[in-house]
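A.B. asks: Given next are the chains, with one letter for each unit.
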Amino acid sequence: MDNNWTGTTYGNEWMHRWLIRLLRYIDTRVIYTFTSLCVIPVCLMLNPSRGIIYRYFRQRVGYGRIKSAWKTYVNHCLFGQVVIDKFAMYAGKKFNIEVEGAEHFTELTRQKEGFMLLSAHIGNYEIAGYTLVSKEKPLKALVFAGEKASVMRNRNKMFAQTNTGMIAIQPDMSHLFEIDQALTDGEIVSMSTDRINGSPKFIEHDFLKASRTEHASDAQSHGAKAKFPLGPFAIATARSVNVLAVNVMKSSLQGYKIYVTPLHYDKSAPRQEQIRQLSDAYVSELERLVCRYPTQWYNYFDFWGESPEPSDERTKLSAERKHD
Amino acid sequence: MEQLIKDLKLQIKEALNLEELSLEDFDADAPLFGDEGIGLDSIDVLEIIVLLEKEYGIRLANPQEGKAIFKSVRTIAEYVQANRKK
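In order, the protein sequences belong to chains A and B.
Taken in order, the first sequence gives residues 1 to 324; the numbers are from the working numbering.
Taken in order, the second sequence gives residues 1 to 86; the numbers are from the working numbering.
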């Protein structure tokens with residue numbers, strides 16, 4: 001099974017335009033209800049994501065069969081809500097946003113040096129782009145180049161008001177130069193760090209060992225290694241920049257909570273050790289939030305993967321080459 | 001130029017920890033990227049960018065320029081010779 005995510009936002013441009021128009025006049029809760037009752041059950045029947053998320057609840061979170069099935073439905077409903085919220089923002093709707101750890105962001109924006117924000121596909125990261133902003137320091141968000149034009153256009157429009165720009169991942173590696181330039185210019189670079197895009201190199205970590213979650217039972221608990229992209233950690237340590245984990249979780253129907261957490265690593269350590277420390281810190285923070293909000297895990301692919309194939313093993317070995 | 005190529009091969013080998021690649025087998029004209037060559041990727045480019053900055057004071061910012069420079073060790077050496085500040 002493929003353990004890389006290759007998808008994009010559902011629907012075509014016409015549907016996106018109509019959804020934005022609709023959201024200008026209709027309460028999001030009406031659309032939430034319609035989606036939960038009419039759209040999600042159909043999606044669950046047609047989409048293989050139900051099996052992936054069910055296994056996530058059974059094997060990684062440690063829920064029983066019935067609870068896992070119910071939480072699979074809840075997970076898809078919540079995902080529907082965050083997608084609707086994204087379009088609601090494009091339509092001009094406001095949400096109640098609480099920030100935990102905003103001082104870490106503010107402190108770094110006062111420094112001359114650039115820094116990085118590492119996120120994941122949990123909650124609704126896009127909300128942070130409109131909230132964690134700095135007048136002094138531009139923010140560049142690394143985005144999937146294959147996203148729908150309507151989404152990119154609306155993002156551009158929203159981001160233009162908040163000193164935020166986008167860097168699209170390109171096959172010719174040009175995004176790497178843009179990231180490097182932004183950090184050298186003292187800007188903020190934000191990217192998700194839970195999907196392998198661009199370079200196939202990865203670093204493996206035990207992630208969501210069921211024994212570490214409060215719902216685990218001995219019968220169900222067995223750890224599993226997950227692959228995280230090496231790129232973000234390699235970039236941060238190559239430029240010795242400070243790093244914050246930023247995750248945005250849906251806390252109520254109209255509310256979000258942003259968690260800003262500094263990720264520490266020893267900048268004087270050998271390079272490979274720096275990468276290990278930084279990725280450890282990132283994975284610990286991700287695990288903490290996924291345990292707190294297990295239904296907001298939106299990686300709809302086989303995140304933990306199967307046994308590494310020979311080609312995977314080569315990539316892993318190459319990823320683990322010493323950089324010091 | 002030949003000495004610079006030799007130095008670059010050694011520096012790239014060390015920076016990317018290409019232990020399995022001997023300097024003799026490291027062809028200066030072989031493509032650095034793709035299946036036909038050494039098979040480096042974008043993360044390795046980043047390491048070479050940092051290397052050029054530290055060792056030769058060269059700051060690369062133009063992605064279009066980068067594609068031509070990173071074709072092979074020889075093209076990197078030619079660029080370094082023309083632009084080095086150290």
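Be a bit skeptical, because a hint or two may be false.
Said to hold, decoys possible - Here are the simulated BS3-like pairs of lysine-lysine, each with C-alpha atoms no more than 27 Å apart in a straight line:
| no. | chain 1 | residue 1 | chain 2 | residue 2 |
| --- | --- | --- | --- | --- |
| 1 | A | K112 | A | K135 |
| 2 | B | K86 | A | K112 |
| 3 | B | K71 | A | K267 |
| 4 | B | K71 | B | K54 |
| 5 | B | K6 | A | K225 |
| 6 | B | K6 | B | K71 |
| 7 | A | K157 | B | K85 |
| 8 | A | K112 | B | K71 |
| 9 | B | K6 | A | K112 |
| 10 | B | K13 | B | K85 |
| 11 | B | K85 | B | K71 |
| 12 | B | K6 | B | K85 |
| 13 | A | K157 | A | K257 |
These aren't lab readings, by the way, just hints derived from the structure by calculation.
A.B. asks: Against this structure, judge whether each hint is valid.
C.D. replies: Hints, one by one, checked against the model:
1. A:K112 - A:K135: Holds, because 13 Å separates the two Cα atoms, which is no more than 27 Å.
2. B:K86 - A:K112: holds (26 Å)
3. B:K71 - A:K267: It is violated: about 31 Å lies between the C-alpha atoms, which goes past 27 Å.
4. B:K71 - B:K54: It holds: about 20 Å lies between the C-alpha atoms, which stays within 27 Å.
5. B:K6 - A:K225: violated (40 Å)
6. B:K6 - B:K71: holds (16 Å)
7. A:K157 - B:K85: Judged against 27 Å, a Cα distance of about 41 Å means the pair is violated.
8. A:K112 - B:K71: Violated, at about 34 Å.
9. B:K6 - A:K112: Distance ~38 Å between K6 of chain B and K112 of chain A Cα, so the pair is violated.
10. B:K13 - B:K85: holds (22 Å)
11. B:K85 - B:K71: holds (22 Å)
12. B:K6 - B:K85: Distance of about 19 Å is within 27 Å: holds.
13. A:K157 - A:K257: holds (23 Å)
Comparing the model with each earlier hint shows violations of hints 3, 5, 7, 8, 9; every other hint is respected.
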